Each structure stands twice: as C-alpha cells, then as structure tokens.
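Fit chain to chain and form the complex, with the hints in mind.
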Amino acid sequence: MSPLFLRIWLTFWAVLALTFLLALGVDYGLAVRRANDIDRLSPRALAASGAEALATSGETGARRWLLMQEGRLPELQVLIVAPDGRELTGRSPADVAQALSRRRAGAPFPAEVDVPVGGQPYRFVFRRSRPLAFDLWDVLLQPWVLGGLILTISGIGSAWLAGSMARPIQRLQGRVRAIADGDLAGRADPRVAGRRDELGDLARDVDHMAARLGDLIAAREAMLRDVSHELRAPLARLRAVADLARRRNPERDATLDRIDKEVDRLDDMIGQILRFSRLQAEVGVVLEPVDLAELVADAVEDAALEAAAAGRTVAYRPPAAAIVEADAALVRSAVDNVLRNAVRFSPPGGTVQVTLGAGDGTAALEVRDDGPGVPAEALPHIFEPFHGEGSGAGLGLAITRRVAALHGGTVSAHNREGGGFTVTLTLPLPAAPRDEGAPPRLAVAD
Amino acid sequence: MSAAARVLLVDDDEELAGTVGEYLREEGFAPDWARDAATAMRMRAEHGYDIVVLDVMMPGESGLELLKRLRRETDTPILMLTARAEELDKVLGLELGADDYLTKPFHLRELAARLRAILRRLNARAGPEALGVGGLVLHRRSLGAEIDGRAVRLTVAEFMVLETLARAAGRVCTRADLAQEALGRPLTAYDRSVDTHVSNLRRKLGLVLGAGLQIRNIRNQGYLLTEEAAQP
Numbered sequence: 001m002s003p004l005f006l007r008i009w010l011t012f013w014a015v016l017a018l019t020f021l022l023a024l025g026v027d028y029g030l031a032v033r034r035a036n037d038i039d040r041l042s043p044r045a046l047a048a049s050g051a052e053a054l055a056t057s058g059e060t061g062a063r064r065w066l067l068m069q070e071g072r073l074p075e076l077q078v079l080i081v082a083p084d085g086r087e088l089t090g091r092s093p094a095d096v097a098q099a100l101s102r103r104r105a106g107a108p109f110p111a112e113v114d115v116p117v118g119g120q121p122y123r124f125v126f127r128r129s130r131p132l133a134f135d136l137w138d139v140l141l142q143p144w145v146l147g148g149l150i151l152t153i154s155g156i157g158s159a160w161l162a163g164s165m166a167r168p169i170q171r172l173q174g175r176v177r178a179i180a181d182g183d184l185a186g187r188a189d190p191r192v193a194g195r196r197d198e199l200g201d202l203a204r205d206v207d208h209m210a211a212r213l214g215d216l217i218a219a220r221e222a223m224l225r226d227v228s229h230e231l232r233a234p235l236a237r238l239r240a241v242a243d244l245a246r247r248r249n250p251e252r253d254a255t256l257d258r259i260d261k262e263v264d265r266l267d268d269m270i271g272q273i274l275r276f277s278r279l280q281a282e283v284g285v286v287l288e289p290v291d292l293a294e295l296v297a298d299a300v301e302d303a304a305l306e307a308a309a310a311g312r313t314v315a316y317r318p319p320a321a322a323i324v325e326a327d328a329a330l331v332r333s334a335v336d337n338v339l340r341n342a343v344r345f346s347p348p349g350g351t352v353q354v355t356l357g358a359g360d361g362t363a364a365l366e367v368r369d370d371g372p373g374v375p376a377e378a379l380p381h382i383f384e385p386f387h388g389e390g391s392g393a394g395l396g397l398a399i400t401r402r403v404a405a406l407h408g409g410t411v412s413a414h415n416r417e418g419g420g421f422t423v424t425l426t427l428p429l430p431a432a433p434r435d436e437g438a439p440p441r442l443a444v445a446d
Numbered sequence: 001m002s003a004a005a006r007v008l009l010v011d012d013d014e015e016l017a018g019t020v021g022e023y024l025r026e027e028g029f030a031p032d033w034a035r036d037a038a039t040a041m042r043m044r045a046e047h048g049y050d051i052v053v054l055d056v057m058m059p060g061e062s063g064l065e066l067l068k069r070l071r072r073e074t075d076t077p078i079l080m081l082t083a084r085a086e087e088l089d090k091v092l093g094l095e096l097g098a099d100d101y102l103t104k105p106f107h108l109r110e111l112a113a114r115l116r117a118i119l120r121r122l123n124a125r126a127g128p129e130a131l132g133v134g135g136l137v138l139h140r141r142s143l144g145a146e147i148d149g150r151a152v153r154l155t156v157a158e159f160m161v162l163e164t165l166a167r168a169a170g171r172v173c174t175r176a177d178l179a180q181e182a183l184g185r186p187l188t189a190y191d192r193s194v195d196t197h198v199s200n201l202r203r204k205l206g207l208v209l210g211a212g213l214q215i216r217n218i219r220n221q222g223y224l225l226t227e228e229a230a231q232p
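For the protein sequence lines, the chains are G and V, in the order given.
Each residue of the first sequence is one higher than the last, beginning at 1 in the numbering used here.
Each residue of the second sequence is one higher than the last, beginning at 1 in the numbering used here.
Bound conformation, chain V alone (with noise of 0.2 Å):
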C-alpha cells in the first residue's frame, strides 16, 4: 500500500478499539476511533476515510440505523461487525448496502484481510476500465454501473459481485467463485452474504433494468447473469 489506508472504526466498546487498532496499525492501517454515531457522522464528514468499520450491536442509536444513514451519504466500503445469533442484523445490514460482515468475537488477522480485500478491490483493477454485457456498462475504475446510459448505485461489494457475473456472462457462477472473486474470501458455512449481495442486484438492477439482463439461480449451482429475455 502506497498511503496507508485510513480506517474508522465505529464501536462503543473503548477497550476492544484499542486492541483493533494497534493491531491494524501493526498491520500498516490508520484507523481512527468513533465511539458512536454522532461522533462517527461528524468524523466522517471532517477526515473521509477508506472504509468503515461499525459495530451494528452498539447501545443508543442503532449500529443500523447509523448504516443507513452513512450510506445515504457515500459509498465508502463499510464492512459491519454483529453478533452471531443476530441473523436478521447480518441479512438486514447487507440490505442496507454493508459491504462485508464478521462476527463478534472476530479474529483481528480476518479483519485485516477482509479490509484488505475490500481496498484491493477499490484500488488495483486489472484489465480494461469498461465491461460491458447488453446494456449493462461497468466502469471499473470509478465503481460506476450504466443500464441504458442511467446510472445504477452499488456499494462496492455489489458493484464486484455483478463484475464477476459480468465476466463470466454466459457462464454459471458459484457462490464459492464469486465469495472468492468479488468479496475477496472463501465460501464459509452459514453464510448468506453473496445471495445477498445478488438479491440487492437484482432490486437495484430491476428498478432500470430493460436491456433483457437478468441474474438467474441455479440451484446447487450458483448464480448467472444472461441475456435472455426474462422467462414467463
């Protein structure tokens, strides 16, 4: 990493942002520390910052609600932090346009990677800086989704899912291949983030969508994104 990259960490738990960011910071990282969500918001707006770390559990105004809020504002990559048990908080935060989640109590060498996988996406790209299938356009440098010349908002996990599907249109994704591919990790047990991911594509897409894409299921298999007319 040329600059490290700055990181805000939103938690109300003093001890355990104490323990996160000496060891980003080991790791080459400039967090910072945001006790809840007004101090967030205001930091946010002040610094800007490479990506977002927030606790969804924290007391007072919900971790969730926070999530909305900031993503109303920008579409800086915001990887949540919830409690196993909480199912909802997980589907219901990549709803809300999280990036990527892990659970409390999280290993901080996985935090460190994931953040890296998030950035690495941001940052270096390969390959040409427009993809595009149908009337779909990907622009690979600025994040930025077309259809039909009307821009389409992704957070930046959607916006690599739907490359990847880009990539291999044509061709049955698994969702062991795009959690590799577009979230930068391996396919865990329990874990829903790519279906996700793809159904928020789908609602996104759907609202601007008449180029004749759709991202199909295909059960035990994976996901696919064609150019077949939508089935009757």
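Here chain G stands alone, though its shape is the one from the complex (with noise of 0.2 Å):
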C-alpha cells in the first residue's frame, strides 16, 4: 500500500466514521431527552383524559382518542382493556401481560391505571412503543454492531476513493521514472491519460512535456552534430592546405608541422567536447554484460601501439574474465583516457602499468605511471573539465569520472611515494547470484 494511498484512506476513513458517530450520538441524545418528557407526564391524568373520551362517546370514542393519543405522543403505545379483557384495538390478553411484565422499579413506565368508567373497572396500560422491525433495530442499535457497520461501510468506501486517487497517480509516476531513464517516446498509461479530470490533464502534460524535451534533445544532437561537421571542416581545409604547401615547400616542414599539431589538437578538442556533452545528456547508456578483462586488453593492445610509437610501453596481466553490468563503449573510451594520459606522461623508455583486480563486490582498474604525478594542490581537480593541465582538451579525465558515474563506479587518483602516478578506475561487479560461498568472479590466470 502506497503511503499517499494510506493517508487519503484514513484520513476520509477517520472523518467519515466520526461524523457518523457523532451524528448516532446527537440522536440517541434526542431520543433520551424525548424519553426523559415521557417519563415527566402522569399516567394518572393519561389515563383519566382518555376515561373522559370513554364516558362521553363509549368505546368509538375511546378509540379515536387512542389514535389521537398516538399521533401526539408516538413514543408511549397506550393499551385500554375493557371490564371483560377485551383489548379495545384488539390485542391479546397475552400482549398485555408482555406489556406490563417489563416493568423496573422507579420507572413511571410501563404503568397501569385502572379507572372506573360508568362504574365499569377499566384498565390503561401504557408502555413505551416500539416500532414494527422492533428485534432488528435493537441488534443493529446494539453500539458494537452499529460502530462495525459504520466502520466497515465507511472503510471501503474512503478505501475506494483512496485508491481512486492513488492509482492513477502511481501509473503516472511510473511514466516519470520511464522518462528520467530516457524512455522520451512512450505514452502515459491510458487508463490515466484518457481521464476528464485534473489528473487525466497531468497525465497529458507529461506526455507533451516528454515530447518536447525528446525534440529538443533530438535537436540538440543534430546541433552537436553540425557544429562538428562544421568545426571540422575549416580544420581539414588547413591541414590539406598544409600539406599542399609542405609539398610544394619541403623546407618549411617544420613550421607546417607546427601546425599540423595544433590542428591535431583542436580536433581532438572538438571530439572529446561532443563526446563530453553526449555523457552530459546520459542519453543512449546501454548496459550489458561486458568483459572488462577482455575490454582492458583490447585498450592497451591500442594504447601498447600508441606507446611503442613514443618509445613507451605498456604492461598488463589479464586476469581470467570480470563480467561487469556496463556500456562498452563508454568503458572503452572511459580506459582509453586513462591510458592515454599515462603514456603520455611517462618518460621516455617508461613502463605503463595497467593491473586489474576485484574484491568488495568492485572490479578495480589501475594504472601506473613513471611521470613525475600531478602537485598536490592540482590533485583534486584533474576530473573536472578543463583543469588546464596543459596539453590537451583537459577533457579525457572529465569524460572518465563521467562514465565511471554512470555506471555506479568511481575514479580517484594519488602521486606514489617516491615518484609515479596512480590512476584507479572501480566498477561495481553484479551481485552474485550464487550462495555466499560462491567462488570469486576473478580469478588471476596464469
């Protein structure tokens, strides 16, 4: 039960079952003040204006002033039993007796008054009147059995409009979540959108409000899209205008080559801020069961090339296998910064190293270089973008902290006593399905 569901049940619950009790206690109170009057009257002067009714026009008459009687005074039944036993309305000798075997001492009711009528003994009976269902009411006006249909009648029915409220709402919210995970394309349930009432307009905001936030992420990666054809193109412009001069000028190589690495720069630049403001967006993460032994090695294979290039290498010992829940590509690209950052800052004839563990319910990526690490003060803004490490977009570690992030994962990184820096990259392993003894997932081969 949802709390919102809970807490419109008992709230109308509690009101409604209050007001009904309130209300059978405001009546009953009237009902013991109407009885209190009855009991203030004498049966004796009743009794002695209804012999008046019976000396003047006979039993006819009496009869008349009964009904009278019983139109005024609804809440006393009088009974008058004629010198043979006869019941004058023509109950049963039995009845009368029923009548008066209730009495209690103190009560002034029921009470009989005997009256000589024409020297006739005639005798009044007179006792509260009961209504025709008599024994249901008196079950039904039992307190218990009263406070239980009240309670039961108004909890199904604050029940019912409690969840008449709830669940619409708790269908939309569904709606919410698919939309905060990316799902821009569907549409809020039905049962919810098609409604006439405030929330059926809230579900429709939210699909309008999915839709516009779609086109303008859609419009968004178009504009990306452009602006990096459209970056891209002066740049190739220049390194072919570049080469064509280089061509026709070998001596002033070195210049042009000059350019060519600002040229590599910008478009590097231009490549790591699209990629950045994609990871932004958290648009298109696609989590599967990934290698992350199998994916670390196909990085520093490349890296290893990128390396031996610049007279650096990289080491790294596989471990057997260490499935993680990840997008691999965005894992790609989180190890490739890394390790690009590493050989570039080794020294020259340097040793990477690149080691993988797990533990903790992590798997744990580090990577070591020789280089001379980063100042302290500097230490703890190397992951944000831009931190002017100096060569570079300064982007590649932003991008790392990023991805590792998104996958519940973190970066962190700390210069070695006595010389070398350490960058580690963790990533949360999936939850064994096996018992606890199971078997770790990582098992260093040999």
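There's no promise every hint is true.
As the list claims (entries may be wrong) - To spell it out: a stretch of chain V is covered by chain G in this simulated footprint if at least three of its residues, at any positions, have a beta carbon under 8 Å from a beta carbon of chain G; those stretches are:
#: 1; stretch: 8-17
#: 2; stretch: 43-50
#: 3; stretch: 180-189
Since the hints were derived computationally from the structure, they do not count as laboratory data.
Values in this document were obtained by computation on a predicted structure and should not be read as measured data.
Here a beta-carbon is modelled for each residue, glycine too, at the ideal position from N, C-alpha and C.
As structure tokens, then:
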C-alpha cells in the first residue's frame, strides 16, 4: 500500500466514521431526552383524559382518542382493557400481560391505571412504543454492531476513494520514472491519460513534456553533429592546405609541423567536447554484460601501439574474466583516456603498469605510470573539465569520471611515494546470483 | 603508373575538394569532383573511375546511403572520409563495403598513399592467378572468389584480407600483418578496419560455406584461416 493511499484512506475513513458516530450520538441524545419527556408524564392524568373520552363517546370515542394520542406522542403506546378482558384495539391478553411484565422499579412506564368508567372498571396500560421491525433494529442499534457497520462501510468507501486517487498517480509515476530513464517516446497509461479530470490533464501534460524533451534532445544532438561538422571542415581545409604547402616547399616542414600539431589538438578537443556533452545528456547508455578483462586487453593493445611510437611500453596481465554490467563503448573510452594520459606523462622508455583486480563487489583497474605526477593542490581538480593540465582539452579524465559515475563506479588518483602516478577506476560487479560461498568471479590466469 | 588513375572525390566542401584535387594531380592522379550524391552517381555511371573517395558526413542524402547505392552497382574500391568521434560511421561504412577509411582532418600524403596502396593491390599481383584452399578459390586477377564453385562478391579490401589469410592458411596472421599486407599500411591504434573486414568475410562466406573452412580469432595474436571442421 502506498503512503498516499494510506493517508487518503485513513483520513477519509476517520472523518466519515467520526461524523457518523457523532450523528448517532446526537440522535441518541435526542431520543434520551424524548424518553425523559415521557417520563415526566403522569399515567394517572393520561388515563383520566382517556376515561373522559370513554365516558362521553363510548368505546368508539376511546379508539379515536387512542389514535390522537399516538399521533401526539408516538413514543408512548396506550392499551385499554375493557372489564370483560378485551383490549379495545384487539390485542391479545398475552400481549397486555407481556407489556406489563417489563416493569422496573422507579420508572414510570410501563404502568397500569384502573379507572372506573360508568361504574365499569377499565384498565389503562401504558408502555413505550416500539416500531414494527423492532427486533432487527434492536440488534442493529447495539453500539458495537452499529459502530462496526459504520467502520466497515466508511472503510470500504474511503478505500475506494483513496484508491481512485492514488492509483492513477502511481501509474503516472511509472511513466515519469521511465522518462527519467530516458524513455521519451512512450506515452502515459491510457487509463490515466483518458481521464477527464485534473489527473488526466496532468498525464497529458507529462506526455507533452516528454515529447518536448525528446525534440529538444534531438535538436541538441543534431546541433552538436552540425557543429562538429562545421568546425572540422575548416580544420580539414587547413590541414590540406598545409600539406599542399609542404609538398611545394619541403624546406618549410618544421613550421608546417607546428600547424599540424595545433590541428590535431583542435580536432581532439572537438571530439572530446562532443563526447562529453553527449555523456552529460546521459542519453543512450546501454548496459549489458561486458568482460572488463578483455575490454582492457583491447584498450591496452591500442595504447601499446601508440606508446611504442613514442618509445614507451604498456604492461598488462589480464585476469581470466571480470564481467560487469556496462556500456562497453563508454567504458572503453574511459579506459582509453586513463591509458593515454599515463602514456603521455610517462618518461621516455618508461612502462605503464596496468592491473585489474576484484573484491568487495567491485572491479578495480589500476594504471600506474612513472611520470612526474600531479602537484598536490591540483590533484582534487584533475577530473574536472578543462582543469588546465596543459596539453589536450583536459576533458579526457572528466569523461572518465562521468562514465564511472554513470555506471555507479568511481575514479581516483594519487601520487605514489617515491614518484609516479596512479589512477584507479572502479566499477561495481553485479551481485553474485549464487550463494555466499560462491567462488570469486575474478581469478588471475597464469 | 601507366595512365593516371582516375579518382572521383565526393565531398560537399568545394574548397577542400579543390586543394585535395590539386594535390592529387601533382601526385599523378586524375581527380574529378562531385558535390553531392546525385552528381556522384551520374558521373560514375558516365565515366567510371578507378577509385572513389567519399565523405560519409555529407548533408542531404547521407554519405552512407550513397555508399550503399554505389556498392550495389559496382566493385570499384571506395575510400571513405569520416569524423574521428563518429565511431559508428566507420564500422558501418566498412560493413557496407568501404575498402578503407580516413578520419577528417586527414593528411593528403596519407590519402595519396592509401589510394596507391589500394590501386597497387588492384593492378599488380605476383604469383599464380588462382589460389585455392579447401573449397575456396581466389582469382587474383579478377578479384573473384568462389566457394565450391559458387561465386562470392567481395570488396577489394575483403578480397585482399582473405587472400592474405589464404596464402598463410594454417598459420596465424597478426592484425599488424593483415593491415600491412592486405590494406597496405601499418596498423595504428584504435583501428578496427581489419576486424571489420574479417567479420564481413565471415558473414559473406558463412552464407555459402560448406567447405569446412573457418576464420578463427586467436586472442592477442590475430586471425587464422583453417580447414578444420567448425568447432562445436
């Protein structure tokens, strides 16, 4: 049961039940007061008034008087027993006897008054009157039965009301969560969106919002692509012209090389900005089982090629397998960035050490280089975009951190004592589906 | 080169095309330029070219779409130009039958070298005309491949990769070897061309394979064409 459902349900239930019980109490109070009013009547005076009717108009007059009496005081029933034992309205003697049997000490009713009319002894019997369905009401009016009924009916009613309000909100919530997870194309549950009330309006607004978001993101993607294309076009021209110039004036090579280097940097920067802004949008992240050991092996293979060209080496001993739930392309770019950085800051002839291990539900990739490291005051900022590390756009490690965060992992860096720099990237391992005694998922191969 | 190789350059960037054309002309090629897909299709149909250089990031009809259409009509080698960040374009382009790719901004001397490498593979080939392994026969002059007598259509790059594997049948070819031998250039970092060509070959050969041939991936080493029965 949702908290909202409980809240609405209990509130309505309490209000309904209290209202009913209060009404019942008031009604009961009124009934008590009327009963007390009857108690103030004098049986003797009433009987005298009846006897007068009997004396002037005979038994017919007495019956008329009884009808009048019933209309005036419905709470009080009057029986008149003739001298021969007949009850004037035709009730049986047993009924009369039963009426009198419930007499209690101190209470004025039931009561009997004998009045001689024309020398004949007539008996007036007074008792509290009861409605026809007397027995059923008697049961219903027991406080616990009535209270139980009120609680049950108001409970069911308010549960229905609460459900009718909470359910569409829950359905809508499912849709909103799907939007948060990047599903912008879906639509709200028609059971909500089809309602002709405020909740239906809200559902349609949510759909509208999702569609708008989708348009905006698509426009943004298109713009990024266009920007990339537009910025790269002049770069490509610049490089082509430089190449043509080099071909025609081979002696200007060194100057042209500098142009080349800047073209490379700009191109790199454009690529990184594009990748980073896509990551920020968090759209299109696809998690699937990925063998981190193999992914790192591929990345190391490429980094080693690049390193070899610069006179550095990369060493990696892959473990058997480390399966993580990840977006392979993103994790690959995260690993690439760390490796590239390490290779770039390695001294000539240096070796980048790459190790992959697992424990405590995480896989940890450690990349160690023998470079100068990072000044302590700059260390906390190296994973921020454009941290001013000098060469490059400085987005590489920011991308790595973003990718790690998207996967629920971390990335950290520290200067090693005695020189060198270590970057550690961790990714959560999926919870082992086997029992606790399961063997570790990561075993180092020989 | 006896006659200048005819190159069709398809790129919407007129200035770049001009510079590239100038450079290629000075390098002994005969370049033509088409601004868009429609022009490219028409010019190719009219003149025929030895090789096509295609920018797959053109606006309008996508370059990849044009690549697909060109491939349906001709086996002319295609070198595609792509952006570095668009990893998907590269893989897709190679899968659609491009023989090689360069990322923009590229070096013109690299472009000329790639073009020469592809053309050299087309023109001059030493050794016997036909090469057979198991049920596979490669015709080195016509670049045709047959398996058990059934022809398989391959791009120039795919043919060269398969030929390299076939010549070394039973021995492992490293990815670096394959890049050098079949694509005519050294393997560079972050280059998946060889792997994509191999996976294309597997797909195409798999359709008609029955000769007990398979291309195996030896991890951290390279690829191997073997006659062993397929592994369980």
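Going through the hints against the structure:
no., hint, verdict
1, 8-17, "holds (count 3)"
2, 43-50, "violated (count 0)"
3, 180-189, "holds (count 3)"
The earlier numbered hint that this structure contradicts is number 2, and it is the only one.
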